[in-house]
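J.: Protein chains in written order, with my numbering: chain A, 1 to 309; chain B, 1 to 225.
Hints are computed from structural coordinates only; laboratory data are not their basis. Warning: the hint list may mix true and false statements.
What the hints assert, rightly or not - Stretch by stretch, here's where chain A covers chain B in the computed footprint (C-beta under 8 Å, at least three residues):
#, stretch
1, 42 to 52
2, 132 to 140
3, 181 to 192
As the list claims (entries may be wrong) - Among the chain B residues that face chain A by a calculated CB cut under 7 Å, a handful are:
#, residue
4, Ser9
5, Met12
6, Gly16
7, Ala106
8, Ala107
9, Thr109
10, Thr113
11, Thr200
Predicted, not measured: the structure shown is a model, and the values here were computed from it. We put the CB at the ideal spot given by N, CA and C, even for glycine.
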Amino acid sequence: MTIRVVKPGLFTTLQDRGRYGYAHLGISPAGAADALSLRIANLLVGNDENAPALEMTLLGATLKVDDAAVIAVCGANCECKLGGERLTANMAVKVAAGSVLQCGSTTDGARCYLAVQGGFDVPLVMGSASTDIRGRFGGVEGRRLQAGDVLGIGAASGLRPRRLRAGELEALHREGPIRVTRGAQHDWFSFETYARFLATPYTVSEQSDRAGLRLKGEAITPREQKQLLTDGIPLGAIQVPQDGQPILLFVDQQTTGGYPKIANVIAADVHRVGQLRPRDEVRFTEVSIAEAVDELRAQERWLKTIWQD
Amino acid sequence: MKIIPASDSSLMVTFGDAISSETSEQVLGLFHALQVRKDNRIRNLHPGYTSLLVDFDPLAVSHEEVAVIAGSLARGGTSAPENLSEVVELPVCYDAEFGPDLADVAAHTGVSTEEVIRLHSGATYRVCFLGFTAGFAYLGGMPEVLQMPRLATPRRTVAPGSVGIAGRQTGIYPAETPGGWRLIGRTPLRMFDPRSLQPTRLQAGDRVRFLAVDRAQFERLREHA
């Protein structure tokens, strides 16, 4: 059971929900940038929600499915074609042996996930299949996919596809500002500066990747220029380097850093960050820690209620 | 000690506001105390110079409960495990090719390049923590005279094994990454192997010495590595 990479697309990697427990060795979690879409794609085909799947960025891959398989795509809409026919997203689809799946450009987000029943079969490194690009391990040889790669598929026996209830995924496309809580060094910034950070729209720079999204907009500066002693960085931290242009640290982030962190994206909105594209405008709004945890709890509950049967 | 939320899924435990071996000892003590508890609600621990970031699943455990656990462990006087006696020796070749900034460090500090090498390889260092990238160890204990600011513009790529200086810190780049530290030498040893049971050669708390080797020894050691 294999799938062959004909064209790799812009930046396609294997990801699961990430590699935890190794931050003290300098190893970031990696994992899907939009973990919610990865989980839904896996659940659609009947996989464990943490199974390794393909994360395609901005321009999708062209794949040859060597053996009959059941697949699902979820996340940004990327106009996938299966042997010339449009492939419906967000549902499990049976694919005949020898079919060619052609994924196009994403139209409403940055990343699209392709899960296959049985999961992609790659060795786990430190408990995860996720590709660590900088460390060059995990996934397929620690790198993005390239033409000619042959991906093995795990055993699919006993797995049953599931169906989504109509309209449920609209909740994924939440509009409005990205919600944040206060960062570990928010008090390095004056009340006015902090308020301006929340009131100002920022643009996602072209120099953004899975390690960090560079934001362009009004510069923000701490009350005084002092040196932060390098400390740990939580997922979704927004740090402010000397030039005052914030950087949102993301799944492939460095585990420690030396710039003050003004705010932190809430866990329930991290998947939205994974769908931001270069040149997108982004705003932030503050919520309390309690509200953030409630939102995450509600999101997990929602994920259990969106299925037929 | 101060405990504050750093995000909806993490707490920052801070032990002081200056780098010192006592503070580092407290950070590593709490790090090890939390690690041996094997509490699977806690997902990641990020030690820094004076603080420990504790990342957890907020649906499994509350900020308050993690604060109580960390606070009582820290107040109970935790100490890092007994790897204090063992000193890890790392061979380093200080040839000009591997240490393109050696001459600048000598000029900036006002000592000869031979003296820079003698000082750098004469000290015993402590791994304060690993961070930045997989296997990158931040070493404390560098002789003060070797202090050197970072490059104004970081290099786009630094070769794996490169030994650098930044401020009062020294460290080794485990993989090819961009980097702004002043490069003074290179180790032939592999610092990070993801497939190994112990993926990083250095651990937080280790003591380290650099052993100056010549080019021929470097090449021989690299073949074995």
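J.: All hints are to be evaluated individually against the structure, with a verdict given for each.
T.: Hint by hint, here is what the structure shows:
Under a criterion of three residues with beta carbons nearer than 8 Å to beta carbons of chain A, the stated coverage of the stretch 42 to 52 of chain B is upheld, 10 such residues being counted. Check on the stretch 132 to 140 of chain B: 6 of its residues sit with their Cβ under 8 Å from a Cβ of chain A, so the three-residue criterion for coverage holds. Using a Cβ-Cβ cut-off of 8 Å, 1 residues of the stretch 181 to 192 of chain B lie near chain A, which falls short of the minimum of three, so the contact claim is violated. Hint status for B:Ser9 relative to chain A: holds, with the closest Cβ pair at about 5 Å, below 7 Å.
Hint status for B:Met12 relative to chain A: holds, with the closest Cβ pair at about 5 Å, below 7 Å. About 9 Å separates the beta-carbon of B:Gly16 from the nearest beta-carbon of chain A, more than 7 Å, and the hint is not met. The closest approach between the C-beta of B:Ala106 and any C-beta of chain A is roughly 25 Å, which is over the 7 Å cut-off, so the hint fails. Interface hint at B:Ala107: violated, since its Cβ lies 24 Å from the closest Cβ of chain A, which is beyond the 7 Å cut-off.
The closest approach between the C-beta of B:Thr109 and any C-beta of chain A is roughly 20 Å, which is over the 7 Å cut-off, so the hint fails. About 28 Å separates the beta-carbon of B:Thr113 from the nearest beta-carbon of chain A, more than 7 Å, and the hint is not met. The restraint placing B:Thr200 at the interface with chain A holds, with a minimum CB-CB distance near 5 Å, inside the 7 Å limit.
Checked against the numbered hints given earlier, this structure breaks hints 3, 6, 7, 8, 9 and 10; the rest are met.
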